[in-house]
Amino acid sequence: MKKVSVSFVANKEKISHRLSRYIDLTAALALRDVKMRYQLTILGLYWAVLNPLLMTVVWSFVFSRIFRAQGIQGVPYVVFLFCGLTFWNLFSNSLMTAVNCLTGNASLLSKLYFPRVILPTASVMARLVDFIFSLVVLIILMLVYRVVPGKELYWIPLLILVQLIFTLGMAYIVASVNVLYRDLSQILGVLLTLWLYISPVIYTLEQVPAGIKKYFIFNPIGQLVHMEVSLVFGSGTINLAALGVTFLISCATLLLGLWVFRRLEPAFAEVM
Amino acid sequence: MNIIEVNDLWKKFMLRTGRAGSFSKIFNTFLNHPPQELNKEFWALKEVSFSVAAGKSLGVIGVNGSGKSTLLKLLTGTMRPTRGQILVRGQKSSLIELGAGFHPDFSGRDNVYLNGMILGMSKAQVGKKFNEIVAFAELENFIDVPVKYYSTGMQARLGFAVATAVDPDILMVDEVLAVGDGAFQQKCSRRIKEMQRQGVSFVLVSHGMGDIETVCDEVLWLHKGEVRLFGKTGDVVAEYRLSQGLQ
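Chains A and B, in that order, are what the protein sequence lines are. Everything in the first sequence is counted per the numbering used here, starting at 1062 for the first residue and increasing by one. Everything in the second sequence is counted per the numbering used here, starting at 1461 for the first residue and increasing by one.
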C-alpha cells in the first residue's frame, strides 16, 4: 500500500463541467480583483487609464525633453511611450498583483481544496481588464495625434497570447515563491523597474548599440513589446525567427512556472 | 458503504522558531551560529484511524491542541498528510472558522457568489439558490452591505447558509455553530436535522458537548494527536466529561 494516499471521490462530475466551473471561478476572482482595486477610490476604474497616462506624461517629459530620447520616426514620443507602457504594464502589473495573490487570500485557501493555480491566473486576467482600458486610450491618443496605425495589426492578438503565456508562467513562480519567501514581494518592484530599463519600451530596439543588441533576444517580454509597438505604428514587420524563439522561451517559462507551483503547493496551507 | 475512511493517518509539522529559511538563518550559518532547534518536528496527528458510514455523523472532540482542526483540514483537502490514507466519498462542503473566505470590503452578495463557487457550485447554481441563502441567513436588507459591517452573528448565519446550500453529502463544521443567537441556533439545528434525514453526514468539531450529542452518532476523541477513544456518542462523551472533571 502506498505511504500516502488521499482520494476524494466526488459525485461523477463531467470534466467539461468541472472545467467550466473553474473558469467561472477564475472570472469571478479576476472581477473581484478589479473591483477591489478601484471600488474604494473616488475615480474608480478611471485609474486604470489615469495611471499609465500620468506615468507617460512624467516620463515623456524626462526622456524626450531632458534626455532627448527618440522613439519611432514620425510618431510623437508621448504616443510611442504610452503604447510601450500599455503592453509592458500588462506584464508588470500582472506580476505585482500575482505576487500577493496567495498570501492575500489565505482565508480562501483554508475552505476547501480548489486548484490553487486559479488564484494567480485570476490576477493576470484581472490585469487584462486594465490593459483593454489602456488600449482604448492608446487608440484615442493615436487619433488625436493623427498617428497612422500599421498594416499588420492582425499579428497583435497572437503576440498578446504569447505574452500571456509568458506572464502566466512568471506569475506562477512569483506567487508560489512569495509564500515561502515574502522578501520577493519587497524586491519585485525594483526588479521589474530594472527589467523595464533593459527592455525596448522607452527606447526602440534599433537604438540599442550593436554590441549588446544580440542579448536582447533572451528577453521575451522585451521582444514582445518591441514587436507589438512596431506593429501598432507599422515601423517594422514581424521577425518570425525572433517570434519563434520568444514563443519557445514563453512556453518553457509556463511549464517551469507550473512545475514550481506544483512543487511548492503542498507547503501553502502549512506556511500560511 | 463508508463515506469517510481514514487509515493510519500521521501529520507532521516543522516548528520553525526562526523565519522560514530566511536570510537570517543563512547569515547565522555563515557566522558559525548553528541554528538551534530551528526545525523541531511536531506530530499533530499520530496513527489516527476511523471510518464513518454513509449517513452517519461524526463528532471530533478533545482539548485545545489535540489535532482536531488539523484533522479537518486534511479531510477538506487543504492540507496533505505526512503518512496514511484518506478516502472521502461524495460532495464536500465546509464551514471552517467564522467568515473564512469572506472578504470584508465586499458585499454579502459578492461573497455569497465567490464562496459558493469555491465550495463547488457553478455560478448558475449559486444564482438559483441565492434567494434561499439570503432568506435563511435573514439578511435581505443587508445583502448589499460590505461584510465588514456585519455583526459576528450575521457573518455566521451567512456562512452557514452558503455552506449548506451546496447540497453536500458531507458537511464539515469547525466550532462555529455556537455564534448566532438562540433563535438562529434552533434554526441551524432544524436545518441540520433535516439534512441528516436526507442522508447528509456531518463532521463536527466542537467543545460544546450539547451540540455533539444532538448531531453526532459517533465521536472521535483526540488527545495530543492520538485517538483516545472512538465509539458511540454517549459512551465517549461520558468518558470525556469524566476526564475533564478530573483534571
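Just so you know, the hints here were simulated from the structure itself, not pulled from any lab data. Check the hints yourself; a few may be wrong.
Partial pick of chain A residues on the chain B-facing surface, computed with a CB cut under 10 angstroms [stated by the list, open to error]:
| # | residue |
| --- | --- |
| 1 | V1065 |
| 2 | F1069 |
| 3 | V1070 |
| 4 | W1320 |
Below, computed lysine-lysine pairings styled on DSSO-like, alpha-carbon distance capped at 30 angstroms [what the hints assert, rightly or not]:
| # | chain 1 | residue 1 | chain 2 | residue 2 |
| --- | --- | --- | --- | --- |
| 5 | B | K1588 | B | K1608 |
| 6 | A | K1212 | A | K1274 |
| 7 | B | K1588 | A | K1096 |
| 8 | B | K1684 | B | K1516 |
| 9 | B | K1653 | A | K1064 |
| 10 | B | K1647 | B | K1684 |
| 11 | B | K1608 | B | K1589 |
| 12 | B | K1500 | B | K1472 |
| 13 | B | K1647 | A | K1075 |
| 14 | B | K1608 | A | K1096 |
| 15 | B | K1647 | A | K1096 |
| 16 | B | K1472 | B | K1653 |
| 17 | B | K1653 | B | K1583 |
| 18 | B | K1506 | B | K1472 |
| 19 | B | K1608 | A | K1075 |
| 20 | A | K1064 | B | K1684 |
| 21 | B | K1500 | A | K1075 |
| 22 | A | K1096 | B | K1589 |
| 23 | B | K1653 | B | K1692 |
| 24 | B | K1500 | B | K1583 |
| 25 | B | K1692 | B | K1588 |
| 26 | B | K1506 | A | K1075 |
| 27 | A | K1064 | B | K1506 |
| 28 | B | K1647 | B | K1589 |
| 29 | B | K1500 | A | K1064 |
| 30 | B | K1647 | B | K1588 |
| 31 | A | K1275 | A | K1212 |
| 32 | B | K1647 | B | K1472 |
| 33 | B | K1506 | B | K1516 |
| 34 | A | K1064 | B | K1472 |
| 35 | B | K1588 | B | K1516 |
| 36 | B | K1516 | B | K1653 |
Note that the structure is predicted; figures quoted are calculated from it, not measured. Every residue, glycine too, gets a C-beta built ideally from N, C-alpha and C.
Classify the hint on A/V1070 as holds or violated, based on whether any CB of chain B lies nearer than 10 angstroms to its CB. holds (5 angstroms)
- prompt: Is A/K1064 within 30 angstroms of B/K1472, Cα to Cα?
  reply: Cα-Cα ~14 angstroms, so holds.
Holds or violated: are the alpha carbons of B/K1653 and B/K1692 at most 30 angstroms from each other? Answer holds: B/K1653 to B/K1692 is near 18 angstroms, not above 30 angstroms.
Regarding the pair B/K1500 and B/K1583, is the alpha-carbon distance no greater than 30 angstroms? Roughly 44 angstroms separates the two Cα atoms, so the pair is violated.
Practice problem: Measure nothing beyond the straight line between the CA atoms of B/K1588 and A/K1096; if it is 30 angstroms or shorter, mark the hint as holding. | Solution: Given that 30 angstroms is the threshold and the Cα spacing comes to 24 angstroms, the pair holds.
30 angstroms limit on alpha-carbon distance, applied to hinted pair B/K1506 and A/K1075
violated (36 angstroms)
Does B/K1647 pair with A/K1075 here, judged by a C-alpha cut-off of 30 angstroms?
Outside the cut-off at roughly 35 angstroms; violated.
Do the alpha carbons of B/K1500 and B/K1472 lie within 30 angstroms of each other, as the hint requires? holds (10 angstroms)
Checklist entry - When you check the alpha-carbon spacing of B/K1647 and B/K1472, does it fall within 30 angstroms? => result Status violated; Cα separation ~39 angstroms.
| request: With a cut-off of 30 angstroms on the C-alpha distance, tell me whether B/K1647 and B/K1588 pass. | output: holds (22 angstroms)
message = Against the 30 angstroms threshold, does the CA-CA distance of B/K1647 and B/K1684 hold or violate the hint?
response = Violated - the C-alpha atoms of B/K1684 and B/K1647 are around 34 angstroms apart, more than 30 angstroms.
Taking only the CA atoms, is the gap from B/K1506 to B/K1516 under or equal to 30 angstroms?
Status holds; Cα separation ~24 angstroms.
In summary, the numbered hints that this structure violates are 4, 9, 10, 13, 15, 16, 19, 21, 24, 25, 26 and 32.
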